[in-house]
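Here the protein sequences line up with chains S and Y, keeping their order.
To convert, note that position 61 of the first sequence is 61 in my numbering; the numbers rise steadily by one, no gaps.
To convert, note that position 77 of the second sequence is 77 in my numbering; the numbers rise steadily by one, no gaps.
Some hints could be false.
With a straight-line Cα cutoff of 25 Å, these simulated SDA-like cross-link-like pairs (lysine to any residue) come out [what the hints assert, rightly or not]:
{"id": "1", "chain 1": "S", "residue 1": "Lys15", "chain 2": "S", "residue 2": "Arg38"}
{"id": "2", "chain 1": "Y", "residue 1": "Lys99", "chain 2": "S", "residue 2": "Ser27"}
{"id": "3", "chain 1": "S", "residue 1": "Lys11", "chain 2": "S", "residue 2": "Ser53"}
{"id": "4", "chain 1": "Y", "residue 1": "Lys99", "chain 2": "S", "residue 2": "Leu98"}
{"id": "5", "chain 1": "Y", "residue 1": "Lys68", "chain 2": "S", "residue 2": "Pro61"}
{"id": "6", "chain 1": "S", "residue 1": "Lys11", "chain 2": "Y", "residue 2": "Gly41"}
{"id": "7", "chain 1": "Y", "residue 1": "Lys42", "chain 2": "S", "residue 2": "Asp63"}
{"id": "8", "chain 1": "S", "residue 1": "Lys11", "chain 2": "S", "residue 2": "Ile26"}
{"id": "9", "chain 1": "S", "residue 1": "Lys11", "chain 2": "Y", "residue 2": "Glu39"}
{"id": "10", "chain 1": "Y", "residue 1": "Lys99", "chain 2": "S", "residue 2": "Lys17"}
{"id": "11", "chain 1": "Y", "residue 1": "Lys99", "chain 2": "S", "residue 2": "Phe104"}
{"id": "12", "chain 1": "Y", "residue 1": "Lys99", "chain 2": "Y", "residue 2": "Glu39"}
{"id": "13", "chain 1": "Y", "residue 1": "Lys42", "chain 2": "S", "residue 2": "Thr13"}
{"id": "14", "chain 1": "Y", "residue 1": "Lys56", "chain 2": "S", "residue 2": "Phe104"}
{"id": "15", "chain 1": "Y", "residue 1": "Lys42", "chain 2": "S", "residue 2": "Arg22"}
{"id": "16", "chain 1": "S", "residue 1": "Lys17", "chain 2": "S", "residue 2": "Ser5"}
{"id": "17", "chain 1": "Y", "residue 1": "Lys56", "chain 2": "Y", "residue 2": "Asp84"}
Pair by pair, the computed Cβ-Cβ distance ranges are [unchecked claim]:
{"id": "18", "chain 1": "Y", "residue 1": "Thr104", "chain 2": "S", "residue 2": "Val12", "range": "18 to 28 Å"}
{"id": "19", "chain 1": "S", "residue 1": "Val74", "chain 2": "Y", "residue 2": "Ala79", "range": "19 to 29 Å"}
{"id": "20", "chain 1": "Y", "residue 1": "Glu39", "chain 2": "S", "residue 2": "Asp18", "range": "42 to 52 Å"}
{"id": "21", "chain 1": "S", "residue 1": "Leu98", "chain 2": "Y", "residue 2": "Asn27", "range": "17 to 27 Å"}
{"id": "22", "chain 1": "Y", "residue 1": "Lys56", "chain 2": "S", "residue 2": "Lys17", "range": "46 to 56 Å"}
{"id": "23", "chain 1": "Y", "residue 1": "Thr104", "chain 2": "S", "residue 2": "Thr70", "range": "12 to 22 Å"}
{"id": "24", "chain 1": "S", "residue 1": "Gln84", "chain 2": "Y", "residue 2": "Asp55", "range": "26 to 36 Å"}
{"id": "25", "chain 1": "Y", "residue 1": "Asn67", "chain 2": "S", "residue 2": "Gln80", "range": "41 to 51 Å"}
{"id": "26", "chain 1": "Y", "residue 1": "Ser74", "chain 2": "S", "residue 2": "Tyr100", "range": "42 to 52 Å"}
To list a few chain Y residues with every Cβ distance to chain S over 12 Å, as calculated [unchecked claim]:
{"id": "27", "residue": "Leu8"}
{"id": "28", "residue": "Glu15"}
{"id": "29", "residue": "Asp31"}
{"id": "30", "residue": "Gln45"}
{"id": "31", "residue": "Ile47"}
{"id": "32", "residue": "Lys56"}
{"id": "33", "residue": "Gln58"}
{"id": "34", "residue": "Leu65"}
{"id": "35", "residue": "Lys68"}
{"id": "36", "residue": "Thr69"}
{"id": "37", "residue": "Lys71"}
{"id": "38", "residue": "Gly83"}
{"id": "39", "residue": "Gly103"}
{"id": "40", "residue": "Thr104"}
These are computed hints drawn from the structure, not numbers from a lab.
Treat the numbers as computed from the prediction; the structure is a model and nothing was measured.
For glycine and all other residues, C-beta sits at the position ideal for the given N, C-alpha and C.
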Amino acid sequence: GAGVSQSPSNKVTEKGKDVELRCDPISGHTALYWYRQRLGQGLEFLIYFQGNSAPDKSGLPSDRFSAERTGESVSTLTIQRTQQEDSAVYLCASGSGLAYNEQFFGPGTRLTVL
Amino acid sequence: GESVGLHLPTLSVQEGDNSIINCAYSNSASDYFIWYKQESGKGPQFIIDIRSNMDKRQGQRVTVLLNKTVKHLSLQIAATQPGDSAVYFCAEKVAGTYKYIFGTGTRLKVLA
Chain S
1 GAGVSQSPSN
11 KVTEKGKDVE
21 LRCDPISGHT
31 ALYWYRQRLG
41 QGLEFLIYFQ
51 GNSAPDKSGL
61 PSDRFSAERT
71 GESVSTLTIQ
81 RTQQEDSAVY
91 LCASGSGLAY
101 NEQFFGPGTR
111 LTVL
Chain Y
1 GESVGLHLPT
11 LSVQEGDNSI
21 INCAYSNSAS
31 DYFIWYKQES
41 GKGPQFIIDI
51 RSNMDKRQGQ
61 RVTVLLNKTV
71 KHLSLQIAAT
81 QPGDSAVYFC
91 AEKVAGTYKY
101 IFGTGTRLKV
111 LA
């Protein structure tokens with residue numbers, strides 16, 4: 001079946017603008033994660049959704065960052081008033097929600113803030 | 001596309017040799033570990049996993065070793081091939097949560 005998809009693949013924006021990044025998880029996956037990956041670095045956890053539970057937002061770096069998920073499907077990550085330090089690849093992953101199962105990653109959205 | 005791992009530690013191996021990539025994890029309460037491979041411009045791809053009640057797990061050409069005493073994880077790749085060139089990340093799951101902590105990554109270069 002189809003894997004995790006993300007859109008857009010690339011986004012260039014001006015400092016101060018808002019951006020929305022989209023993630024379509026694998027159908028049936030109840031768990032959904034957002035990560036940030038700066039150039040040459042590892043993955044930084046941002047937020048986690050699991051079914052109808054309250055999301056774990058502990059990784060969001062500031063109140064400019066927010067994310068929503070509609071049921072067990074699409075998720076959007078919104079960054080308001082973008083700053084140059086927000087430039088990174090934003091990766092989405094989905095999983096079965098079971099305790100010991102892998103996450104499946106999308107290709108990421110590369111965000112460049114000018 | 002996005003270039004991953006410009007400033008990461010690099011391991012260079014000859015094609016056909018075995019590779020060992022190491023990872024020190026952070027939390028003694030972590031109960032599940034995964035190795036991922038990330039090629040330039042792509043998302044991480046699952047390689048192999050291991051639960052904390054195991055010391056070793058083998059897959060096709062890959063073996064993961066877990067040493068809980070020193071909080072160390074390693075990935076062994078047998079007969080390394082050019083297609084193995086990528087950045088490799090370890091990830092740990094903290095027990096009782098669904099949160100994963102990723103290591104900083106190691107770039108593997110396979111020399112022909």
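Going down the list of hints, with the structure as the test:
1. S:Lys15 to S:Arg38: The hint holds at about 17 Å.
2. Y:Lys99 to S:Ser27: holds, 21 Å
3. S:Lys11 to S:Ser53: violated, 30 Å
4. Y:Lys99 to S:Leu98: Given pair lysine 99 of chain Y, leucine 98 of chain S holds - Cα atoms ~12 Å apart, limit 25 Å.
5. Y:Lys68 to S:Pro61: violated, 31 Å
6. S:Lys11 to Y:Gly41: holds, 14 Å
7. Y:Lys42 to S:Asp63: violated, 28 Å
8. S:Lys11 to S:Ile26: holds, 23 Å
9. S:Lys11 to Y:Glu39: Holds, at roughly 20 Å.
10. Y:Lys99 to S:Lys17: violated, 30 Å
11. Y:Lys99 to S:Phe104: This hinted pair holds, its Cα atoms lying about 14 Å apart.
12. Y:Lys99 to Y:Glu39: At roughly 23 Å apart (the allowed maximum being 25 Å), glutamate 39 of chain Y and lysine 99 of chain Y satisfy the hint.
13. Y:Lys42 to S:Thr13: Given pair lysine 42 of chain Y, threonine 13 of chain S holds - Cα atoms ~21 Å apart, limit 25 Å.
14. Y:Lys56 to S:Phe104: holds, 23 Å
15. Y:Lys42 to S:Arg22: Judged against 25 Å, a Cα distance of about 16 Å means the pair holds.
16. S:Lys17 to S:Ser5: Measuring from Cα to Cα gives roughly 24 Å; hence the hint holds.
17. Y:Lys56 to Y:Asp84: holds, 21 Å
18. Y:Thr104 to S:Val12: 18 to 28 Å: This hint holds: roughly 27 Å between Cβ atoms.
19. S:Val74 to Y:Ala79: 19 to 29 Å: Because 42 Å falls outside the window, the suggested range is violated.
20. Y:Glu39 to S:Asp18: 42 to 52 Å: 31 Å Cβ-Cβ, so the 42 to 52 Å window is violated.
21. S:Leu98 to Y:Asn27: 17 to 27 Å: For leucine 98 of chain S and asparagine 27 of chain Y the Cβ distance comes to about 20 Å; the hint holds.
22. Y:Lys56 to S:Lys17: 46 to 56 Å: Since the Cβ atoms of lysine 56 of chain Y and lysine 17 of chain S sit about 50 Å apart, the hinted range of 46 to 56 Å holds.
23. Y:Thr104 to S:Thr70: 12 to 22 Å: Between threonine 104 of chain Y and threonine 70 of chain S, where Cβ atoms are some 33 Å apart, the hint is violated.
24. S:Gln84 to Y:Asp55: 26 to 36 Å: The hint (26 to 36 Å, Cβ to Cβ) is violated, given that glutamine 84 of chain S and aspartate 55 of chain Y are roughly 45 Å apart.
25. Y:Asn67 to S:Gln80: 41 to 51 Å: holds, 44 Å
26. Y:Ser74 to S:Tyr100: 42 to 52 Å: With Cβ atoms ~20 Å apart, the hint is violated.
27. Leu8: violated, 6 Å
28. Glu15: holds, 25 Å
29. Asp31: Its Cβ does come within 12 Å of chain S, the nearest being 8 Å, so this is violated.
30. Gln45: Not fine: 7 Å to the nearest Cβ puts glutamine 45 of chain Y too close to chain S.
31. Ile47: violated, 10 Å
32. Lys56: holds, 17 Å
33. Gln58: Since the minimum Cβ distance to chain S is about 17 Å, glutamine 58 of chain Y lies beyond 12 Å and the statement holds.
34. Leu65: Its Cβ never comes within 12 Å of chain S, the nearest being 18 Å, so this holds.
35. Lys68: holds, 16 Å
36. Thr69: holds, 22 Å
37. Lys71: Holds, because the least Cβ-Cβ distance between lysine 71 of chain Y and chain S comes to about 17 Å, which exceeds 12 Å.
38. Gly83: holds, 18 Å
39. Gly103: Incorrect as stated: the minimum Cβ-Cβ distance to chain S is 6 Å, not above 12 Å.
40. Thr104: violated, 4 Å
Consistency note: the structure conflicts with the earlier hints numbered 3, 5, 7, 10, 19, 20, 23, 24, 26, 27, 29, 30, 31, 39 and 40.
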